[in-house]
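Protein chains in written order, with this note's numbering: chain R, 1 to 225; chain Z, 226 to 522.
If you are wondering where the hints come from, they were derived from the structure by calculation, not from laboratory data.
Wrong hints could be hidden among the right ones.
[As the list claims (entries may be wrong)] Here are some chain R residues the structure puts well away from chain Z; computed CB gaps all over 12 Å: (1) Glu31; (2) Val76; (3) Ala143; (4) Gly169.
[To be verified] Derived pair list, reagent style BS3-like, types lysine-lysine, alpha-carbon separation capped at 27 Å: (5) Lys111/R x Lys172/R; (6) Lys508/Z x Lys111/R; (7) Lys111/R x Lys412/Z; (8) Lys3/R x Lys172/R; (9) Lys71/R x Lys111/R; (10) Lys412/Z x Lys324/Z; (11) Lys478/Z x Lys172/R; (12) Lys508/Z x Lys172/R; (13) Lys71/R x Lys3/R; (14) Lys478/Z x Lys508/Z; (15) Lys412/Z x Lys328/Z; (16) Lys508/Z x Lys71/R.
In this text, a Cβ means the ideal position worked out from N, Cα and C, and glycines have one as well.
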Amino acid sequence: MRKIDLEAMGLRAVNELLQSQREYTNETAWEILNPRGSHAIAAGIDAPIEVTVNGSTGYYCAGMNKRATIKVNGRVGPGVAENMMSGTVYIEGDASQYAGATGHGGLLAIKGNAGSRCGISMKGIDIVVGGNVGHMSAFMGQAGTLVVCGDAGDALGDSLYEARLFVRGSVKSLGADCIEKEMEREHLLLLEDLLERANMHVSPDEFRRYGSERKLYNFDLDNAY
Amino acid sequence: MCGIVGLFLKDKSLESDLGEMLAGMLITMTDRGPDSAGIAVYGNSDENMAKITVQATDAGMLGDIDLELSKIIGVNASTRIFGTHAVVEVPGNLINDAKAALKEICGDLRVMSTGESIEIYKEVGLPADVSKMFEIPGRAGTHGIGHTRMATESAVTTLGAHPFSTGMDQCLVHNGSLSNHNSLRRKLRREGIEVQTDNDTEVAAAYLTWQMQNGMSLGAALEAGVADLDGFYTFVVGTRHGFGVLRDPIACKPAVLAETELYVAFGSEYRALVELPGIAGAKVWEPDPATVYFWEH
Numbered sequence: 001m002r003k004i005d006l007e008a009m010g011l012r013a014v015n016e017l018l019q020s021q022r023e024y025t026n027e028t029a030w031e032i033l034n035p036r037g038s039h040a041i042a043a044g045i046d047a048p049i050e051v052t053v054n055g056s057t058g059y060y061c062a063g064m065n066k067r068a069t070i071k072v073n074g075r076v077g078p079g080v081a082e083n084m085m086s087g088t089v090y091i092e093g094d095a096s097q098y099a100g101a102t103g104h105g106g107l108l109a110i111k112g113n114a115g116s117r118c119g120i121s122m123k124g125i126d127i128v129v130g131g132n133v134g135h136m137s138a139f140m141g142q143a144g145t146l147v148v149c150g151d152a153g154d155a156l157g158d159s160l161y162e163a164r165l166f167v168r169g170s171v172k173s174l175g176a177d178c179i180e181k182e183m184e185r186e187h188l189l190l191l192e193d194l195l196e197r198a199n200m201h202v203s204p205d206e207f208r209r210y211g212s213e214r215k216l217y218n219f220d221l222d223n224a225y
Numbered sequence: 226m227c228g229i230v231g232l233f234l235k236d237k238s239l240e241s242d243l244g245e246m247l248a249g250m251l252i253t254m255t256d257r258g259p260d261s262a263g264i265a266v267y268g269n270s271d272e273n274m275a276k277i278t279v280q281a282t283d284a285g286m287l288g289d290i291d292l293e294l295s296k297i298i299g300v301n302a303s304t305r306i307f308g309t310h311a312v313v314e315v316p317g318n319l320i321n322d323a324k325a326a327l328k329e330i331c332g333d334l335r336v337m338s339t340g341e342s343i344e345i346y347k348e349v350g351l352p353a354d355v356s357k358m359f360e361i362p363g364r365a366g367t368h369g370i371g372h373t374r375m376a377t378e379s380a381v382t383t384l385g386a387h388p389f390s391t392g393m394d395q396c397l398v399h400n401g402s403l404s405n406h407n408s409l410r411r412k413l414r415r416e417g418i419e420v421q422t423d424n425d426t427e428v429a430a431a432y433l434t435w436q437m438q439n440g441m442s443l444g445a446a447l448e449a450g451v452a453d454l455d456g457f458y459t460f461v462v463g464t465r466h467g468f469g470v471l472r473d474p475i476a477c478k479p480a481v482l483a484e485t486e487l488y489v490a491f492g493s494e495y496r497a498l499v500e501l502p503g504i505a506g507a508k509v510w511e512p513d514p515a516t517v518y519f520w521e522h
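Chain R extracted, bound-state conformation:
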């Protein structure tokens, strides 16, 4: 385990060091101390390493992550794991707005609550939230899965494409073209796997499934060019 004091070393040097790690690096475990709410901590990593951030972070923590496992022992600011490609990001506390936005792959697990626009424009990422999500979550979600163990705010899944949404608590309102759908065996299996990987101890049976009704403009063949 290599420990780095972010305050002493500076954000740019820390990120350069993490980003310079390659696939077969021997330094596979890193711990970052004194994050003090800094922006873009551990963004842009492309190696199968483990990074633990001890404290709370600001904007864009773990952004664009590829293959790394990043754990934050604190709360994270806006845009955590934005545009993540693969790997896993665990957040012990709450996340601010647009967590996992535009993510293409990997798993983002948030133990606490996530703010508004969680999973906005998601393109294949799996997001599991232990608490609640705010308004406009999964807005224009294209692919991937959003699992909410608590409640969802207003306009969940507005203008959704193919992303799958599961909510265990209440949904304040559904967005345009988002409807409740029947929970089938394949969905229970998917949920079971995601909940286990995210370390959330709730039963898949307690969730309801939501998805696109496919009635908006894009889904009408006559509107195709």
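Mind docking chain Z on chain R? Use the hints.
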């Protein structure tokens, strides 16, 4: 973008450190807005006295205003001068006479705030320079609000800097932009509310002043603002004894609140709060959209 910080002390033991803590928080937010910075401090007060904080382009003009003011209003007025600002203290019942007299003494004086407790200092420049010029780290007080500005809706001038004060002991800072401020400004002026600038934020401050003049509490005025103010905003407001926070229903402008037994603190980002005592054990959360948060001494 803009950066906001605020501190409302629940415990008197921290009052002597208010300025020090607030200045540190604001300097951390410098990269959210380098155009201008300002701080409102609710400092020590005497209920029989009123404070008028004035600003002059040429600080040299502030030296003799106490003597000239005393001559006109007939009682001794005292001033404390910090850089381009002076805090003038007069008996509370003479505040309007004193304001008129100050205008007479020098047409170039701008009133930053009036009230029993509030003092507002703001200038074009970085938070560190503004804080130093006005000796903010030495200030004691019960609560305070700071702002660092990235200008969008009006020019980068002293009067365009935040906080804005449109009523006694009231102030407001804003991150965002309002789209209906022109029509609302015309309406408020017809209602007799003084609005000095073309700035959108001043209109929000004036709107709250107007609603409170009509009998609303600050909390009720903020609730009414959700319906009447169109645009993006995170507001932090101060009154003589109160401290409030409001975000618009979309809530894309960032806001973090922290509360311990000693204080309530606001920061545009968590970064602004990391030096506060006991922050590791504080309750930290993001205020909900279109929800009024208000604390009072």
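(message) Tell me the hint numbers this structure goes against, listed in increasing order.
(response) 2, 7 and 8
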